[in-house]
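Engineer: Chains as they are written, first to last, in our numbering: chain A, 1 to 211; chain E, 1 to 211.
Worth flagging that the hints you see were computed from the coordinates, not collected in a lab.
As the structure is a computational prediction, the values presented were derived from the model and not from experiment.
Mixed in with the good hints, there may be bad ones.
Straight-line distance between alpha carbons at most 25 Å, and here's what the computed SDA-like set of lysine to any residue pairs gives [unchecked claim]:
1) A/Lys112 with E/Ala133
2) A/Lys112 with E/Glu137
3) A/Lys112 with E/Pro160
Computed footprint of chain E on chain A, listed as stretches where at least three residues anywhere in the stretch have a Cβ under 8 Å from a Cβ of chain E [stated by the list, open to error]:
4) 26-32
5) 46-60
6) 155-165
7) 183-191
Where a beta carbon is used, it is the ideal one built from N, C-alpha and C, also for glycine.
Protein chains: 2
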Amino acid sequence: MTISKTKPKAGPKAKPPRVRLDVDERRAQLLELGIAAFGARAYDDVSLDELAQSAGVSKGLVFHYFGSKRDFYVAGLRESARRLLASTLAESVAEPLVSLRRGLDQYLRYVKAHGAAYRALFQGGIGSDPEVAAVVEETRQAFLGQILNRLGDKLARHPPPLVRTSLRGWVGAVEAASLDWVAHDDLPAAEVRELLVELLVATMTRLAGVI
Amino acid sequence: MTISKTKPKAGPKAKPPRVRLDVDERRAQLLELGIAAFGARAYDDVSLDELAQSAGVSKGLVFHYFGSKRDFYVAGLRESARRLLASTLAESVAEPLVSLRRGLDQYLRYVKAHGAAYRALFQGGIGSDPEVAAVVEETRQAFLGQILNRLGDKLARHPPPLVRTSLRGWVGAVEAASLDWVAHDDLPAAEVRELLVELLVATMTRLAGVI
Numbered sequence: 001m002t003i004s005k006t007k008p009k010a011g012p013k014a015k016p017p018r019v020r021l022d023v024d025e026r027r028a029q030l031l032e033l034g035i036a037a038f039g040a041r042a043y044d045d046v047s048l049d050e051l052a053q054s055a056g057v058s059k060g061l062v063f064h065y066f067g068s069k070r071d072f073y074v075a076g077l078r079e080s081a082r083r084l085l086a087s088t089l090a091e092s093v094a095e096p097l098v099s100l101r102r103g104l105d106q107y108l109r110y111v112k113a114h115g116a117a118y119r120a121l122f123q124g125g126i127g128s129d130p131e132v133a134a135v136v137e138e139t140r141q142a143f144l145g146q147i148l149n150r151l152g153d154k155l156a157r158h159p160p161p162l163v164r165t166s167l168r169g170w171v172g173a174v175e176a177a178s179l180d181w182v183a184h185d186d187l188p189a190a191e192v193r194e195l196l197v198e199l200l201v202a203t204m205t206r207l208a209g210v211i
Numbered sequence: 001m002t003i004s005k006t007k008p009k010a011g012p013k014a015k016p017p018r019v020r021l022d023v024d025e026r027r028a029q030l031l032e033l034g035i036a037a038f039g040a041r042a043y044d045d046v047s048l049d050e051l052a053q054s055a056g057v058s059k060g061l062v063f064h065y066f067g068s069k070r071d072f073y074v075a076g077l078r079e080s081a082r083r084l085l086a087s088t089l090a091e092s093v094a095e096p097l098v099s100l101r102r103g104l105d106q107y108l109r110y111v112k113a114h115g116a117a118y119r120a121l122f123q124g125g126i127g128s129d130p131e132v133a134a135v136v137e138e139t140r141q142a143f144l145g146q147i148l149n150r151l152g153d154k155l156a157r158h159p160p161p162l163v164r165t166s167l168r169g170w171v172g173a174v175e176a177a178s179l180d181w182v183a184h185d186d187l188p189a190a191e192v193r194e195l196l197v198e199l200l201v202a203t204m205t206r207l208a209g210v211i
């Protein structure tokens, strides 16, 4: 074995060594990088060239796994929404208000961490893509489902119109307040959380006669 | 003068007579037809050919006044938002809760009358056009301004962060609940209105310490 006399170049131009991963591991690694990249920047500012380089693979391999930039984004969004729902669901075994607070804390942490991406999602841009809009809508429905499930199986399956419209309204308040909060960044998360808790309590109090 | 022996054709194929209107009148007439057409149907389903025909003018004249179909839509949306704001503003001289109820009634009537267009506006589609999104955002701001103005000049000019985020949240609840209501059409408007009143009262009660 001969030892090269030139040291490998360091710095931003250096390519990371290509490591062999099996198919699932590689896909998971790329998805993780995609979630981080699309979460940190607006869709149009994410470069698949840079992303592939940082994973030590070719851009072609990203396309091989995910089809297109848009499909890659949608796959990351789906996984990201799945994790968010799983984290808020894990809280739902606790006492209702405790679990609501923890769930909202998780949500606001998510919004904060994905600021630019969250805004793009709800303010046109990539959010107007029909498939992306469908993922957002499914996530909302799943969120509502989690709240309704706590109120009982029958209610979750057939919510009365006023219950459905009221809870959709509350989810709208959560989204709008989060967008405003992340755009201005001038309030502690706990104040936003308590505001949203109070709105849901007021909504539930109003629904007490219907449920 | 000779009298034609053939009666003018009636029925859907008959062209309305071309009537000379001055520039402002013609523009106002076309804008009115545009607001009605874009309010009743989704953007892509509005035919400028039919619209021009019903006004007894050429499609070219519509383009002459408004530039393009999209610009025509934006002009109609602007005028429509201006009227909505004017109608809710007119209510703001009354006692706060009375004027809130009347304002919400006006809003829900508007949503009901423009069902398809309202949904398209907030669920991707034409709503993702940057200029359209800007009109929606300006209308939201003006709405918030009307509420804040009732709380005093200083507050309207520099709302504390929690006041701003809370009221944005409430406007989000109004939009989301309205969308759900108009999509399902299974609740009296008054129930939706009372739900939204209660949410604003809960929000204001919470803000009492800040204002």
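Engineer: For each hint, tell me whether it holds in the structure or not.
Structural biologist: Structure-based check of all given hints:
1. As the CA atoms of A/Lys112 and E/Ala133 are separated by approximately 23 Å, the hinted pair is consistent with the 25 Å bound.
2. A distance of roughly 22 Å separates the Cα atoms of A/Lys112 and E/Glu137; the hinted pair therefore holds under the 25 Å criterion.
3. With a CA separation close to 20 Å, the supplied pair A/Lys112 and E/Pro160 stays within the 25 Å bound.
4. Judged by the Cβ-Cβ criterion of 8 Å, the region 26-32 of chain A is not covered by chain E as claimed, because only 0 of its residues qualify and three are needed.
5. Evaluation of the coverage hint for the region 46-60 of chain A: breached, as 0 residues show C-beta separations to chain E shorter than 8 Å, against a requirement of three.
6. Counting residues of the region 155-165 of chain A whose beta carbon lies closer than 8 Å to any beta carbon of chain E gives 4, which meets the minimum of three for the stated coverage.
7. Three residues within the 8 Å Cβ limit are the bar, and the region 183-191 of chain A against chain E gives 4, so the coverage statement holds.
Hint compliance for this structure: hints 4, 5 are not met, and every other hint is.
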